Amino acid sequence: MIDGLIILLLTVLITLGAVVTALWRGPFDKLIGLSIITAGIVPFVVMRGYLDVAIVVALIVPLSTIIILLLLGRPVQ
Amino acid sequence: MLEEYGRILIAAALTWILFVSVDIFWRLPQKGGVSGAKAIGDMIARRGGNRNGGWMMGNIVSSPDASAGTLLAACGVFVAGIPGGIAAALLVFIGNRICHDPGFAGTTGALIATAVITLSTQFGFIPSDFIVGTVIAILTIQGLSLTKASHLLGRLWRWRA
Amino acid sequence: MESLIATVICLLIAVYGAIRAVAERETLARLPFINVMNFGIAGAIVLILPHPLTLVAAAAYFIGSTLEANAIASAYAKRGGT
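Residue numbers (my numbering), protein chains in the order written: chain A, 36 to 112; chain B, 3 to 163; chain C, 25 to 106.
FYI, nobody ran anything at the bench for these hints, they're computed from the structure. Wrong hints could be hidden among the right ones.
To be verified - Which bits of chain C does chain B cover? Going by a derived footprint, with three or more residues having C-beta under 8 Å, they are:
id, segment
1, 42 to 48
2, 64 to 77
3, 88 to 94
As the list claims (entries may be wrong) - The calculated DSS-like cross-link candidates involving lysine-lysine, where the alpha carbons are at most 27 Å apart (straight line), are:
id, chain 1, residue 1, chain 2, residue 2
4, B, Lys33, B, Lys150
5, B, Lys40, C, Lys102
6, B, Lys40, B, Lys150
7, A, Lys65, B, Lys40
8, B, Lys33, C, Lys102
9, A, Lys65, C, Lys102
In this text the structure is predicted, and so the values were computed from the model without any measurement. For glycine and all other residues, C-beta sits at the position ideal for the given N, C-alpha and C.
Based on the provided sequences and hints, a complete structural model is requested.
This is the structure:
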């Protein structure tokens with residue numbers, strides 16, 4: 036039963052993150068929404084035992100955010 | 003089972019005192035460290051919070067500080083005892099340098115937390131109490147009222163300064 | 025999985041942090057609540073799978089999320105925000 040509760044809470048995080056990323060307008064808000072989605076999926080990956088995948092995802096998603104922010108900062112050509 | 007909740011609450015209080023003291027010792031509220039911390043601190047000040055408290059909260063968000071050190075040290079002791087805690091301190095140290103933060107709040111927080119947590123097992127605590135305890139402690143500082151928490155931190159900072 | 029209560033508490037706090045972040049209006053003010061969420065998830069990761077390598081996963085997740093929050097905050101401040 037508690038296992039189901041854990042899965043439910045993570046699903047709430049992912050769904051909330053997805054909805055909010057779609058609804059919010061500003062680019063910074065959308066990036067925050069993406070981080071909510073990531074927060075929901077990393078524990079799922081860990082639950083299945085794929086620790087190396089979890090480490091890679093946990094490092095690449097924030098890195099992508101930083102690259103996006105760098106691209107956003109450049110003047111439009 | 004009720005006893006577990008009691009242990010968790012006591013662990014939360016201990017970690018709160020631990021990382022707030024270490025952060026204030028290393029003068030985190032004195033200035034915004036990395037630029038993101040300053041932005042968050044100024045935002046809290048704009049909302050009527052205390053500026054120094056806000057800078058410390060900004061530092062907690064933007065860079066691994068003693069709260070991060072305490073959490074990861076608790077995780078380290080949970081999986082691997084004292085070597086795990088020391089490994090956590092090393093990871094926090096590397097994380098600090100990756101974030102361009104020259105401070106030692108995270109590393110010292112992790113080492114002190116490792117000592118406290120290991121000692122607490124003599125009194126019936128288990129390391130997972132401290133993992134939840136740190137999360138609860140952070141909830142009280144960053145997750146309830148930003149302005150009120152900043153005033154509390156600001157008042158504690160005035161004793162130090 | 026031992027310490028189920030601890031895992032559930034961490035996840036509940038994480039979801040609470042996410043909900044507070046959604047309810048907030050100002051982008052910069054969302055970041056402390058997102059930070060609460062990340063603390064909760066980092067704790068939950070280790071509690072779900074107690075194994076030495078999980079410490080590295082939790083540390084990687086936590087440092088990644090801290091870097092990300094810092095990048096968002098400083099980029100927002102520099103650009104004056106939208």
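(request) Please name the hints from earlier in the document that this structure breaks, with their numbers sorted from lowest to highest. (result) Hint 1 alone not satisfied by this model.
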